[in-house]
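Novice: Chains as they are written, first to last, in my numbering: chain E, 1 to 536; chain H, 1 to 335.
These are computed hints drawn from the structure, not numbers from a lab. Hints are supplied without guarantee of correctness; some may be wrong.
Cβ-Cβ distance ranges computed for the label pairs, FRET-style [stated by the list, open to error]:
(1) H/Glu312 with E/Ala21: 25 to 35 angstroms
(2) H/Ser325 with E/Leu130: 48 to 58 angstroms
(3) E/Glu2 with H/Asp330: 28 to 38 angstroms
(4) H/Arg73 with E/Leu15: 27 to 37 angstroms
(5) E/Val464 with H/Asp158: 28 to 38 angstroms
(6) H/Arg76 with E/Ala21: 41 to 51 angstroms
(7) E/Arg283 with H/Glu322: 55 to 65 angstroms
(8) E/Arg192 with H/Glu299: 38 to 48 angstroms
(9) H/Gly319 with E/Val223: 52 to 62 angstroms
(10) H/Thr329 with E/Phe193: 25 to 35 angstroms
(11) H/Gly319 with E/Leu420: 41 to 51 angstroms
(12) E/Leu15 with H/Pro160: 52 to 62 angstroms
Restricting the straight-line Cα-Cα distance to at most 20 angstroms, the calculated cross-link-like pairs of lysine to aspartate or glutamate (EDC-like) are [as the list claims (entries may be wrong)]:
(13) H/Lys40 with H/Asp119
(14) H/Lys334 with E/Asp56
(15) H/Lys335 with E/Asp56
(16) H/Lys95 with E/Glu199
(17) H/Lys300 with E/Asp56
(18) H/Lys334 with H/Asp292
(19) H/Lys300 with E/Glu199
All C-beta atoms, glycine included, are put in the ideal place defined by N, C-alpha and C.
Residue strings, one per chain:
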Amino acid sequence: METLHHIVYGFGVALTPQNLAFVFLGVLIGTVIGMLPGLGPMSAIALMIPIAFTLDPASAIIMLAGVYYGAIFGGSTSSILLNAPGVAGTVATSFDGYPLARRGQAGKALSVAAVASFAGGTVGVIGLMLVAPTLSALTVSFGPAEYFALMVLGLTAVVSLSGVDLTKGLISATVGVMIALVGIDSQTATLRFTFGSSELYEGVEFLIVALGVFALAEVFVMVTRRGAPAPDATVTSLRLSRRELRTIGGPTARGSVLGFFTGVLPGAGATVASFLSYAMEKRVARDGKTFGEGNIKGVAAPESANNGAAVGSFVPLMTLGVPGSGTTAILLGALLVLGVQPGPLMLDERPEIFWGLIASMYIGNLVLLILNLPLIPLFARVLRTPQALLLPLIVVFCVVGVYGQSFGVFDLWLLVGFGLLGFLMRTNGFPAAPLILGLILGGLMERSMRQALLISSGDFTVFVTKPISATLLALAALSLLAPLVGVWRRRRARALRGAAERAHDGARPGDARTGGTAGTTEEPGAGREPREGGNG
Amino acid sequence: MTRPRIRVAALAVASASALLLTACAGTGEAAAGDGWQPDKPIEYIAPANTGGGWDTLARTSARVLEENDVINRPMRVVNKPGGGGAIGWAHVAGKEGDPHTLFVTSPPILLVPLAGESDFDHTDFTPIARLAGEPLAYLVRADSPLTTFADLVEEVRDDPGSLSVAGGSGPGSMDHVGLAGAVQAGGADPSTVRYVPFDGGGEAMTALLGGHVQAAVSGASEARALVASGDLRVLAISGDERVGTLPDTETLGEQGIDYVFEIWRGVMGAPGMTEEQVAYYEDAFAEMTELDAWKQETEKLGWVHDFAGSAEFGEFLDGQYEELSGILTDIGLKK
């Protein structure tokens with residue numbers, strides 16, 4: 001009852017003409033900047049801060065938050081159309097979004113992304129509304145050991161992201177983890193793999209790698225494959241059939257919830273959330289095999305999760321005054337300058353900001369949906385640009401995006417380097433997704449493991465004696481066991497069937513007993529199985 | 001809705017009257033007249049990404065300087081992130097004699113070179129002014145048995161393995177050095193403190209809240225929300241006097257531990273600037289720190305007024321360099 005009262009109060013704040021205008025302005029600018037590859041919510045918010053400082057605190061935070069979730073919302077567009085992630089959180093969206101676009105279903109992919117983003121954002125807002133104050137307990141329950149276990153669970157997704165060849169997927173993931181190690185070691189301040197170059201002290205920026213191995217590599221592939229049939233430039237109807245809506249219902253619902261809770265954890269954020277959700281859906285789905293080839297579930301899962309996470313990240317910010325990411329750190333700074341101190345007391349001291357923000361997010365998500373849906377045919381037309389124009393355009397976007405972050409030429413060389421790496425991986429059948437996964441999770445996994453061991457004086461049992469960590473590790477073990485069991489059962493079934501067939505062919509029909517001795521006759525066949533098992 | 005509005009009105013009245021006062025006090029320093037003046041926009045470098053402490057310092061001071069016409073040319077804030085500052089410093093170091101390049105700075109200009117991670121240190125640049133400072137806060141959970149910093153030192157001395165302290169910066173950086181120095185001054189071996197580095201003071205405090213560590217170090221203003229709510233308690237702050245953000249908290253000195261650590265913030269310029277050029281900027285920043293707009297903004301950020309001109313700032317840096325060098329050697333992180 002009290003919550004209802006607060007919500008009504010919040011809408012009272014958010015629905016003033018002034019604040020409505022700022023929600024609109026925020027999400028509009030956010031979604032546009034989010035679409036540009038490389039330029040993420042941080043650049044967008046930094047751009048808007050001078051305007052924010054002239055407003056009253058509630059309007060300012062309403063606008064800046066709109067920029068943030070608007071950027072995550074818009075980031076999917078270039079992931080889908082150009083394979084160039086607009087923001088880090090939408091990298092996973094390109095896995096299925098881009099193949100869909102290549103198949104002439106860009107409109108559908110963009111619609112799915114918009115609907116899933118809306119759902120994720122809305123579920124997040126409802127979560128924020130109902131449970132934010134109690135959720136700070138979850139935030140603080142995650143210490144180093146728990147983060148390590150969560151990252152391990154996330155890394156098991158390599159198995160499902162690897163595609164046909166698990167070995168190559170694992171190699172790819174290992175390279176990703178190795179890239180995460182570059183820079184000043186967070187625990188001992190030792191320089192690792194920097195080769196004397198101070199540009200590498202802070203490590204390799206995630207988006208440079210993502211733009212390189214996805215967008216630039218794709219450009220290289222297209223250039224070298226000249227003469228190959230151009231992608232289907234037709235834009236099919238963007239309307240989703242009832243069946244399609246039902247198809248994405250499950251992934252979207254699960255992704256939204258998973259995303260929200262992941263966002264609540266400082267340090268995890270939208271990127272980790274989108275990968276976890278994608279990997280989970282791939283495993284759950286009956287048609288999981290078609291993930292990566294253009295399955296709309298593979299668009300819905302990460303998109304709902306990253307938007308849920310963007311909203312979830314407001315929980316630590318608003319209830320503890322602790323920023324969970326670079327973006328929320330800027331928001332915190334802006335709030336401080338405006339004279340608002342987020343934290344446990346904010347709910348009582350500045351209710352108009354807390355509840356006004358929540359209500360504005362609700363409106364903002366609706367605005368984003370209304371704003372984005374009609375524009376989809378327009379965006380999708382990008383694909384009709386002749387390749388001779390489109391390819392240089394993608395390169396320009398990547399270069400501007402990377403340069404705009406650091407204003408350093410060194411990063412551009414890195415971009416080219418990762419583009420070449422991605423190209424070589426593509427032409428040799430190494431999947432890029434596990435590399436990105438290893439890069440995202442590897443750094444945080446290593447850091448939390450060493451923090452946990454530092455605290456426990458090197459005692460490894462901390463990971464299994466803490467309940468949350470133990471549960472997560474058990475889930476990780478289970479998720480690796482399940483495919484193994486599947487492989488084993490399939491192998492057994494096939495062995496039995498093969499033996500039966502062979503017996504059937506070679507011997508007289510009807511001699512059923514030969515099947516019983518299949519185990520011995522099938523040995524050579526069994527040796528061939530594991531590779532095929534990897535397909536599943 | 002009425003409460004905030006009243007507060008805004010009060011603020012407006014306060015600022016208006018303060019403005020009047022400064023208008024009377026300021027005897028037109030801006031019209032320096034005959035000395036050197038910049039003749040093109042000033043490149044004002046924050047050697048870090050948007051959103052961090054340096055970026056905030058650069059943008060806040062640039063805005064106050066411009067809006068109050070303290071400076072006659074625009075201040076263009078440029079972010080040069082990378083290498084914990086080293087990239088930005090290398091950039092400025094290459095601009096020998098250029099009077100139109102300044103950068104914002106704080107203890108990492110001493111600590112990063114000491115760790116062997118920058119080719120340039122503070123002696124390669126022209127000190128302009130120290131503007132503000134902020135102490136560290138040594139935090140525990142509200143239910144902790146520790147009540148003063150001396151209790152923490154005792155715990156470290158008696159049972160070196162029992163206490164983990166989280167901090168928001170890397171090993172050998174501000175939070176670590178500020179902790180180790182205080183522990184040493186308190187009479188325990190600083191290398192036995194188990195410092196656990198996190199990514200930012202926020203994450204360190206979250207780890208403390210969840211009971212994953214027994215204490216934490218962060219900037220005093222970062223801690224104020226969780227202290228005000230009663231979730232965390234401050235053992236002491238590292239400044240030489242109490243601060244407005246945590247008015248009830250004792251300093252280390254009050255608890256009998258002779259140690260001061262300040263996260264000072266200042267401005268430096270390219271190497272080889274002339275005396276007139278230094279004097280121009282020194283005056284401009286001196287005037288800025290007296291402005292009401294500056295005082296209001298820094299108060300909200302929790303920074304304490306701590307101005308020093310070029311010469312004093314230079315000596316201060318040399319002294320700090322020696323002191324920090326000693327502590328880093330004791331905890332085995334000096335390269």
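Novice: Taking the hints in turn, state whether each one holds.
Specialist: Going down the list of hints, with the structure as the test:
no.: 1; hint: H/Glu312 with E/Ala21: 25 to 35 angstroms; verdict: violated (49 angstroms)
no.: 2; hint: H/Ser325 with E/Leu130: 48 to 58 angstroms; verdict: holds (53 angstroms)
no.: 3; hint: E/Glu2 with H/Asp330: 28 to 38 angstroms; verdict: violated (55 angstroms)
no.: 4; hint: H/Arg73 with E/Leu15: 27 to 37 angstroms; verdict: violated (44 angstroms)
no.: 5; hint: E/Val464 with H/Asp158: 28 to 38 angstroms; verdict: holds (30 angstroms)
no.: 6; hint: H/Arg76 with E/Ala21: 41 to 51 angstroms; verdict: violated (30 angstroms)
no.: 7; hint: E/Arg283 with H/Glu322: 55 to 65 angstroms; verdict: holds (59 angstroms)
no.: 8; hint: E/Arg192 with H/Glu299: 38 to 48 angstroms; verdict: holds (41 angstroms)
no.: 9; hint: H/Gly319 with E/Val223: 52 to 62 angstroms; verdict: holds (59 angstroms)
no.: 10; hint: H/Thr329 with E/Phe193: 25 to 35 angstroms; verdict: holds (27 angstroms)
no.: 11; hint: H/Gly319 with E/Leu420: 41 to 51 angstroms; verdict: holds (50 angstroms)
no.: 12; hint: E/Leu15 with H/Pro160: 52 to 62 angstroms; verdict: holds (59 angstroms)
no.: 13; hint: H/Lys40 with H/Asp119; verdict: violated (29 angstroms)
no.: 14; hint: H/Lys334 with E/Asp56; verdict: violated (47 angstroms)
no.: 15; hint: H/Lys335 with E/Asp56; verdict: violated (49 angstroms)
no.: 16; hint: H/Lys95 with E/Glu199; verdict: holds (19 angstroms)
no.: 17; hint: H/Lys300 with E/Asp56; verdict: holds (15 angstroms)
no.: 18; hint: H/Lys334 with H/Asp292; verdict: violated (41 angstroms)
no.: 19; hint: H/Lys300 with E/Glu199; verdict: violated (34 angstroms)
Hint violations for this structure: numbers 1, 3, 4, 6, 13, 14, 15, 18, 19, all remaining hints satisfied.
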